[in-house]
Amino acid sequence: MKAIPAAAPTLVVDGVSVSFRRSGTLIHAVHDVSFFVRPGETLALVGESGSGKSVTNLAIMQLTPPAPRTLVKGRALLTCKDGVTRDLIAASGEQIRAIRGNEIAMIFQEPMTSLNPVLTIGDQIAEAIVLHRRVSKRQALRDAAELVSLVGIPDAAKRLSNYPHHLSGGMRQRVVIAMAISCQPRVVVADEPTTALDVTVQAQILELLKNLQRQTGMAIIFITHNLGVVAEVADRVMVMYGGRLVEEGDALPLFEKPLMPYTAALLNSVPRMDMAGRRDVVLDAIRGSVPDPSHLPPGCAFHPRCNFFVAGRCDATQPPLEEAREGRRVRCLRWREI
Amino acid sequence: MSKRTDILTVSDLRKHFSIGSALFGGRATVKAVDGVSFSMARGEVLGLVGETGSGKSTVARTILRLSQPTSGKIVFDGVDITALSRSALKPFRRKMQMVFQDPFSSLNPRMTVDDLLTAPLKIHGLALGRDERRKRIAALLELVGLSPRHAVRFPHEFSGGQRQRIGIARALAVQPDFLVADEPVSALDVSIQAQVLKLLLEIRERIGLSILFIAHDLAVVGYICDRVAVMYLGRIVEIAPTANFFRAPCHPYTEALFSAAPVADPKVKRNRIVLSGDIPSPLAPPSGCSFRTRCRYAKPECAVSAPPLREVSPGHFKACIRDDLSLQTWDGETTSS
Chain D
-2 MKAIPAAAPT
8 LVVDGVSVSF
18 RRSGTLIHAV
28 HDVSFFVRPG
38 ETLALVGESG
48 SGKSVTNLAI
58 MQLTPPAPRT
68 LVKGRALLTC
78 KDGVTRDLIA
88 ASGEQIRAIR
98 GNEIAMIFQE
108 PMTSLNPVLT
118 IGDQIAEAIV
128 LHRRVSKRQA
138 LRDAAELVSL
148 VGIPDAAKRL
158 SNYPHHLSGG
168 MRQRVVIAMA
178 ISCQPRVVVA
188 DEPTTALDVT
198 VQAQILELLK
208 NLQRQTGMAI
218 IFITHNLGVV
228 AEVADRVMVM
238 YGGRLVEEGD
248 ALPLFEKPLM
258 PYTAALLNSV
268 PRMDMAGRRD
278 VVLDAIRGSV
288 PDPSHLPPGC
298 AFHPRCNFFV
308 AGRCDATQPP
318 LEEAREGRRV
328 RCLRWREI
Chain H
5 MSKRTDILTV
15 SDLRKHFSIG
25 SALFGGRATV
35 KAVDGVSFSM
45 ARGEVLGLVG
55 ETGSGKSTVA
65 RTILRLSQPT
75 SGKIVFDGVD
85 ITALSRSALK
95 PFRRKMQMVF
105 QDPFSSLNPR
115 MTVDDLLTAP
125 LKIHGLALGR
135 DERRKRIAAL
145 LELVGLSPRH
155 AVRFPHEFSG
165 GQRQRIGIAR
175 ALAVQPDFLV
185 ADEPVSALDV
195 SIQAQVLKLL
205 LEIRERIGLS
215 ILFIAHDLAV
225 VGYICDRVAV
235 MYLGRIVEIA
245 PTANFFRAPC
255 HPYTEALFSA
265 APVADPKVKR
275 NRIVLSGDIP
285 SPLAPPSGCS
295 FRTRCRYAKP
305 ECAVSAPPLR
315 EVSPGHFKAC
325 IRDDLSLQTW
335 DGETTSS
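Chains as they are written, first to last, in my numbering: chain D, -2 to 335; chain H, 5 to 341.
Simulated from the structure, these hints should not be mistaken for lab results. It is possible that part of the hints are untrue.
Think about it this way: if two alpha-carbon atoms lie no more than 20 Å apart in a straight line, the pair counts; the simulated SDA-like pairs of lysine to any residue are [claimed, not checked]:
#1 H:LYS273 x D:PHE252
#2 H:LYS35 x H:GLY24
#3 D:LYS207 x D:THR192
#4 H:LYS202 x D:ARG276
#5 H:LYS202 x D:LYS254
#6 D:LYS254 x H:GLY24
Pulled a few chain H residues facing chain D out of the computed Cβ check, cut under 7 Å [unchecked claim]:
#7 VAL156
#8 HIS160
#9 GLU161
#10 SER163
#11 GLU187
#12 ALA191
#13 ALA223
#14 VAL224
#15 TYR227
#16 ALA247
No residue lacks a Cβ here, since even glycine has one placed at the ideal position from N, Cα and C.
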């Protein structure tokens, strides 16, 4: 674990809420989420399906369906390369297009669907470079070749004329990463970037991201449900459940002593290598299932599945997000007692 | 390796696919499964791990005779089923069932749970009377942790975890002896995976089912399996009892898999052995040991011939010619093989 630089945050997300309009009713997918990332830092965003982890980041980049189908509230302040701080959520269409891919970039889960199958690798990487850096196509292709070899694809010059289907899943994800870093963005949002890959390839990609981060000082927001990957990459961790931030803290203390029962239960429900071959160890499965954002339980959204649930308290009031100590936030009525 | 109590014995199983056309550039052969032998005891859970393209799903499909083996022998419950005709195979089909990875695409959206669970009973002539059938389905749903009143619902009314329970109930409807579970928890949310794993273990305890469990997550395999087999390019490279496998892995590929597997504990520090490149194309596998192109311990001798599986300690087999290695296990400890 590297020391966290105490530099000023690159991105400050302040009170972001996202609601979708579905057949006349509003579905609140994300409630009042605030967080920040510093340069060179990896923030892991952990949650299960429907927790709002992906929607939060899509909303920050204005990639959710436009109003009135989606309502986005709050601010996302990004300190850009020119030193000016801009609110991504309030930015106009033209402004956000100049920022996306340039100042903040995204890596998606499935590299086959995030690449255009009818364009060559070179054209796709060069497109962003031409758009944001205003260089010639020829120069952009030269830069693309450099990027392709930087992300560890052998025989770069030849690869530029390949189409995505010529490459393996791991190689495609490297191409997506090359595109993401092509303009040296301040922040990269990686949404489950290794979930579709084999473990050996996953290890390569995680290593690559770490190296690139060391070289460029970019901040990474790493969205995942895999706690093993979180333990490998994260400096800080944010846990989301039912559209709310439920716990946040530095990776080591959070894994060692989670304060929110959901975080603890999640950690206990994952089989660990040291349980291998031991029939006496029983996993603590979390009962019930992940709530549907359109039908969130009242009070704390986790209460129907929680072992520490107290009737009349947990199902009556929405617990506030409290600062347990410096840099450690938790949303639970009972965190002091349990 | 075969004992009387074995439910399944597979010997030298091969499945080759020819691809391409003779008109355009000629045909080529993919050796998806290339000489796999193992046996499974009654009530045993055997884990099959490996990367995409290692042939683990093809092994399972070939054992179930969903795909015809090119050569080799499959003995199920004492009977050689390798060449049985469709009709002769039918009683065995009842005894061997499968649970699929994706609970969203493996259940017909237009059938109710009752229809889904009745279909296999009808196919195998176990349809019974209406009351009897209703009782059977209620018992099945309870076995997998659902309620009998769920029988009238459609798949879309269930969550992913519940759907996977329905998939398991469907497989168990005809009272099989042997179950193939192909990545049954990979598509599920983390908090739901544990429920399904516990369910599979419970069912095994209760009805003595043998399970061939295909997965890529080593921790999951360690939790649920009695023995683990690792496949690489169509061959088993290591097979061992679970505790032994995790304590003292013997094959360099297993070591690399362990070092790549993320551990949900930031305190575990290991030397990451990053395998370069991808798994080689099965169209042109390397000569000799197929792992040698990515192996950091490879010697010139490794290219000579494919190493056979050898027993290194009771029940622990490996396909590697080197006995002088100290390999790292999942937590960074080293063991000498």
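Going down the list of hints, with the structure as the test:
1. H:LYS273 x D:PHE252: holds, 15 Å
2. H:LYS35 x H:GLY24: Measuring from Cα to Cα gives roughly 14 Å; hence the hint holds.
3. D:LYS207 x D:THR192: holds, 17 Å
4. H:LYS202 x D:ARG276: holds, 11 Å
5. H:LYS202 x D:LYS254: Distance ~25 Å between H:LYS202 and D:LYS254 Cα, so the pair is violated.
6. D:LYS254 x H:GLY24: violated, 56 Å
7. VAL156: Where the cut-off is 7 Å and the nearest Cβ of chain D is about 20 Å from H:VAL156, the hint is violated.
8. HIS160: violated, 12 Å
9. GLU161: violated, 12 Å
10. SER163: holds, 4 Å
11. GLU187: It is violated, given that the least Cβ distance between H:GLU187 and chain D is near 12 Å, above 7 Å.
12. ALA191: With Cβ-Cβ at 10 Å, over 7 Å, it is violated.
13. ALA223: At about 4 Å, which falls below the 7 Å cut-off, the nearest Cβ of chain D leaves the hint on H:ALA223 intact, so it holds.
14. VAL224: Since the shortest Cβ distance to chain D is 5 Å, the answer is holds.
15. TYR227: holds, 4 Å
16. ALA247: holds, 3 Å
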